[in-house]
Amino acid sequence: MALIHDALVQLAQLLLMLALAPLLTGYIRKVKAYLLRRQGPPLLQPYRDLLKLLRKEAVLADNASWVFRTAPYLIFATTLIAAALVPTFATGLLFSPAADLIAIVALLGTARFALALAGLDVGTSFGGIGASREMMIASLAEPAMLMIVFTLSLLAGSTQLSSVAVFVQGPTIGLRVSLAMALVALIMVAIAENSRIPVDNPATHLELTMIHEAMILEYSGRHLAVIEVAASLKLLLYFSLIACMFLPWGIASANGDLAAFAIGLVSYVTKLAMGGFLLAVFETATAKMRVFRVSDFLGAALMLGLLATLLLFVSQAA
Amino acid sequence: MKTLRDILEEGQVMAQHRPWPRAVVGEDSWQQAIRLLQEEQCTLLGLWGENEVVHLALIDAQGKEPAILSFECEDGSFPSIGRAHAPAIRLERALRDLSGLDPEGLTDARAWLDHGKWPVDHPLGQARPAEAKRKPKPYAFLPAEGESLHEIPVGPVHAGIIEPGHFRFSASGETIVRLEERLGYVHKGIESLLARQTIERAALLAGRVSGDSTVAYALAFARAIEAAYGAEVPVRALWLRALMGELERLANHFGDIGAICNDAAFAMLHAHCGLLREQVLRTADSCFGHRLMMDRVVPGGVRADLPREGARMIGGLLAQVRDSFPELMEMYDNTASLKDRTVGTGLLSAKLARQFGAGGCVGRASGRAFDARRTPGYPPYDQLEFEVPVLEAGDVNARIWIRKREIEQSLVMIEQILRELPSGPVCAALSMQPGAGEGVALVEGFRGDILAWVSTAADGRIARCHLRDPSWFQWPLLEAAIEGNIVADFPLCNKSFNCSYSGHDL
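In order, the protein sequence lines correspond to chains W and C. Count the first sequence with my numbering and you get residues 1 to 318, in order. Count the second sequence with my numbering and you get residues 1 to 506, in order.
If you're looking for bench data, these hints aren't it; they were derived computationally from the structure. Any given hint might turn out to be false.
[Unchecked claim] Chain W stretches covered by chain C per the calculated footprint, using a threshold of three residues with CB under 8 Å from any CB of chain C:
#1 36 to 44
#2 287 to 294
[As the list claims (entries may be wrong)] Pulled from the structure, derived: some chain C residues nowhere near chain W, Cβ distances all over 10 Å:
#3 Arg5
#4 Ala271
#5 Phe325
#6 Glu330
#7 Asp333
#8 Glu420
Beta carbons are placed, not taken as given, at the ideal position from N, Cα and C, and that holds for glycine.
Looking at chain C on its own, in the form it has when it is part of the complex:
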C-alpha cells in the first residue's frame, strides 16, 4: 500500500507551489489516492478545477502532512473520486458545473450549483453561453419508497429571514426517513469574479464569501497569497490576526448557542447570548473599526492596529463574559425541558464525521479532534496555549458543549495575546515576484477548516483562486444526522450544525 508520500514522489512535483507539496500525477497514482481516501488513510480537503486540471487536496490521518495532487484531464474527464468516496460527490458535481470537467464514473448526473439559470455554462472552464431560454429541468430528488411515506418540501424561501436552501423530507408520519438538500440558490460566482483581479480587490472579495466568517476567509486568502509570494508577515500582525479570529469565534459561538436554544423556543438564553454577542461586536468595532472586522486582515498583515485603549476594552469584555457566561451555561444545564430537546437529538456517528472529515464543532462533537490551528497549524497558535475540546456523543447537546468549551479556550487565548502581544509594524508590503506562484492555506474558522488556494499570474494578478467552505463536508452529514428524528426537530439539528449557505454556494 502506497502512502501519500510515495504518491507525491512518483508524481511531478511543482516547485512554485507553497507551502504544501503539489504533484502532477498520472491515473495510477490518482487511483492510489482514491484508495487512500477510501481506507481513511487520508482525509479529503478539497477538489477543484483549474482550466483542464483537477486539483485534489488531502491530508494524512494524523493531520500533519497536507498535499495537493493534480490530474491533467486530456479528454475533459478524470476518474471520479465520489464513486468510491462519498464526501467527494458534491464537490465533483459542483466542479462539473463550474469547470465542465467530467468525473468519469460518477453515477449522480444531476447538476449541483447550476440550476439552469446561469447566462453561461461552465463559467470557470471553457465558458459558452447557455442555450437561450432553456427551461430549467426539474430536479430529480432521490426517491424514498414505502407505505404511507409523504414528502414535505421546505424552502428555498423560508418563513423566517434566513438564507435560502431547499430541503426535501420524506417522512413516515412525523419520523424522517430521508432528507435531501438542494443548495446553490446563493451562487454569486465569486470564483469567476476573483480571476484576473488585483490582490487588493481579491482580498475584499474573499472576505465576502461568508459574512459571519469574514476574518477567517480573509486570513485564509491572505495566508495563501503570502505563501505564493513567500512573503514574511510582521509578528505583531500574526498575533492581531489571531486576536480577530478568536473574537469572531466568540461572537459566532455566542450567537449559535443562543439560536439553538431559541429553536427549542427557549428565548431566555437567546436574549442573553445575543447580548454577549453584541458586546463582542461592539468591542471589535471600537478596536478595529468594523463590527465583523471585515477587510481588516489583508495580504501582508492587518490593516488596523489595536488602539492604545484596545487592550483595556477587550479586557473589560473578557471580564464581562467570564462573569455572565458560566451562569448562562448553568441555566442551560439546569433547564430540563431544554436538555430534553437537545440530548440524543440529531446523532452524528464518529465514523461518518471521520469519513467526511467534518471540521469545527460538528466534527469535534463526534470525536474528530481535527483543528487547523493545531495541525497543520499556523502562527501564532504554536505559541498559544489552548486545548482542542472533543466529545464523543455527537448530538445537539454535544455540539452546544463544544461551542461552550471553545469559547473558554478562546478567552484564554485572547488573554494570552493581550499579555504577550509583540510590538512592531502590522503590515509589510508584498514584494512582487517575477513569474507565477501558487499558495495554499488551511485556516480554522468558527465553522471549521477553510481551504484557500491561489495561483497568481506573471503580472501579479490572480489567475485562479479556490475557496472551500467547511460546510461542504457538513451539509451531507446533516442529512445523515437527521434520519430517524422527527420533522419538528429538524430546525434544532440544522441550527446546531449551522452550515453556511453563502460559503457553500460561493
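The following block holds chain W by itself, in its conformation from the complex:
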C-alpha cells in the first residue's frame, strides 16, 4: 500500500515537472516582455511551439551520424530522471534513496556530454564553437556544483536531497554563513548551466555569440522539441533544487495527507513564480558578459563553494 502511495506521489511529481517546465519558460518570457513594455507571447506559447515542432518533419544533415539522432532522446531521458529525483512539493518520494545530489550532477553531466557530442557530430563550425564553449563552462560549473554539494552534505550529514530538506527545515540549523555562500554559488551555477544572461542569451539570433543555441542549430522537428523540453526541464530542475535545499518550507513529508500535499504544491508554485520573476528582472538589468569573463564568473562560484566548505571545517574544529 505504502509502495503504491509512494509510486503515485512520485509519478504525480514527475508529470508535474513535465507539465510545468514549458510554463515556467513562458512565464519568464512574459515577465521579461512586461519589463520591456512589450506584451510578449502568451504564457502557453511554449506548449504550442512544442506541438508545432512535434508535427514537423525532422530534417537531418547529410553527414549526421547516429550520435546526432539519438542524442536528443538521451538528453531528454537523463534530464527527466534528474528532474524526477528533486523533491518538489513532497519529500520522501519513491526515488528518494536514489535522490542523491551527486547522482543529479552526474545525470546532468551526461546530458551535457551528449549535447556537446551532437553539436560536434554534424561538423558545422557553430556546433563546434558551441560545444567548446559549453565544455569550458562545464569544466568550471561542475566542480563548483560539487563544492556546493559538499557544503550541504557536510551540514546535513547526507547527500540525499530529502535529508537535506528535512535538515534545513529542522530547528538545529541556525544562520550559517556557509549556507549563504552555497546559495549564491548555486544561483551562479544555475545561471550558467541554463544558458541565461549574463553567460548566454536564450533569445539571441546572433550565431557567433551562442553557446547552447549553437549546439542545437542543426536540430529540427521532434528532435528540437525534445531538446527544448529538456532545456525547460533543466531550468525547472534548478529552480526546484534551490527551493528544496534553501527554502524547503511548506514542502510535504512522505506520509503527509492530501492537505499537506496541497500546501506543498501551492508553496512550490509560489516559489517558482518568485524565482522566475527575480530571474527575469536580473536578466533585464544585465548585459551579457564576454565569453572569457564566464570563467571569472564561475571561478567566483567555485571559490564561494570552496570557502563555504572550508568555513564549515574551521567552525567545526573550533
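Given the structure of chain W, go ahead and fit chain C onto it with the hints provided.
Using the frame of chain W, we list chain C on its own:
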C-alpha cells in the same frame, strides 16, 4: 610636389561639370593624384567608370576643395590606384565587374560584385551576355596560416533577419586572426536601371538604394541634378530638406544605439530606443506622409510641405526625446556589465580612419572630424548652428557616444529650423537646359558622406548616375577593427559600424 589644384590646371577642365571642377587628365597627372592619396594630401571620395572613362573623386585633406579627375582608357585599362592606396581596391574590383575597365597593376584579380550569376558581363560597360551556364567559380579567400587556426564561415544567410553578407573568420580558438568579407549578394543593378531614365523615375530609384537613408540618397541625387541643371531651389525647401535629414538621422541613431546594446543582450535599452525611434517615424509620417520620408525630396525642392500643425508635432517629439533620452544614456553609462562589453572593443585606429576617409560615426569616433554638412557644406547648414562631435577612442563605446552627441546636435538643429523656417514655395520646376550637363553632390547621411554624380543626356534623361555609399570605406575598416577581438564580439562591432549592405552592393 604638385597639389590637387596644379593637377586640375594641367588637365582639360570640363565646363559643363558643376559645382566641383572636373578635369580630364593624362597618365602623369593620374600618377600624381595617386601620390597625393598615398601621402594623405587628399582623401578618396569615389571611383567609377563611365563608358571608357574612369572618374576619380577626391577631396583635399582640409575637406574644402573637392574635385574629379577623369582618365580616358584607351586600351580598356587605367593605372590602378588600389595598388598604392588600399581604400581603392574594392572600388576598382567593382568597377572592373561593372564597366569592364581593367585596373592595371591591381594584384587582386577576384571579382567583387559579380558572383558569376549575372546574365551579362560588365553591365555598365560594353555589356555582353555572360557565357551560358558558366559555373560560378569558388571564391578564393585570403589564406591565414598558422598552427591550430580554424575557419568559421558565417552567412550570407544569417540566423536573424538581417541583410546578406558572408564573413570568413580565421580564428585561433576564440581570437580572430583575420576576417574577410564577401559582399555583393544584394546587387540590384540600380546604376544600370538609372541609365536612360527620366529625372522623376531616377529620383525614385535613387531613394531606394538604401532604405534607411532614403532622405539622404534622394537629397544627394537631387543636389547633383540641380547642380547639373544649375537650378535654384526655394529656400524653404532647403530648410525642409535639412529637417527631414535630421529626423532621419535621429531615427537611425536611436535604432543603432538600441541595437548595439541588444547585441550585448541588454534588451532594456533596445526597447526604449525602439520606442523613441518609433515616435520619430510616426511624427515623420504625420508631417510628411511617409514614415521614412521616402520620395519626399525631389529634384527642385520637396514634395510635401510641413503642415500647419507639423511644427507643434515635431516640438512635442523633441520634448519627449529631451525628457527620456538623457535618462537612457545615463542607464547605458551606469550599467557596468554593458560598458564592460563596449569599452575597448573593436578598436579602429585614427590612422586607418584617416587613410580610408571613413565618414560618419565610424570616422568621428576615431578622430576624423569630416562632416559633409560642414565641409564642403551645403545649405542650409551654413546658417545652422551645430558642432561636429569627435572622439579619439575608436571603440564601440566611442561610436555609441558619437551617436548620442549627434542626436543632441540634431535636436538643436531641428529646433532652430522650426524657429527660423522661411516661408515661400517648396518646389521649383527644373528648367530644361539644352545639351548635356554633369553634376555632383556630397551629402551627409546618418552613416556618413554619400556621393552622387550624374551626367544628363541632351534629351534631359540620365546618361549615367553613380551613387557611392559611405559603407564602401567602412566595411574594410571593420575587418581591421575586429582583428584580435574574440569571435563572440563580432556582432557588437559590426552593429556599431552598421554598414549598409544594400547601399554597397547597389
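Fill in: Violations among the numbered hints
Of the numbered hints, just 4 does not hold.
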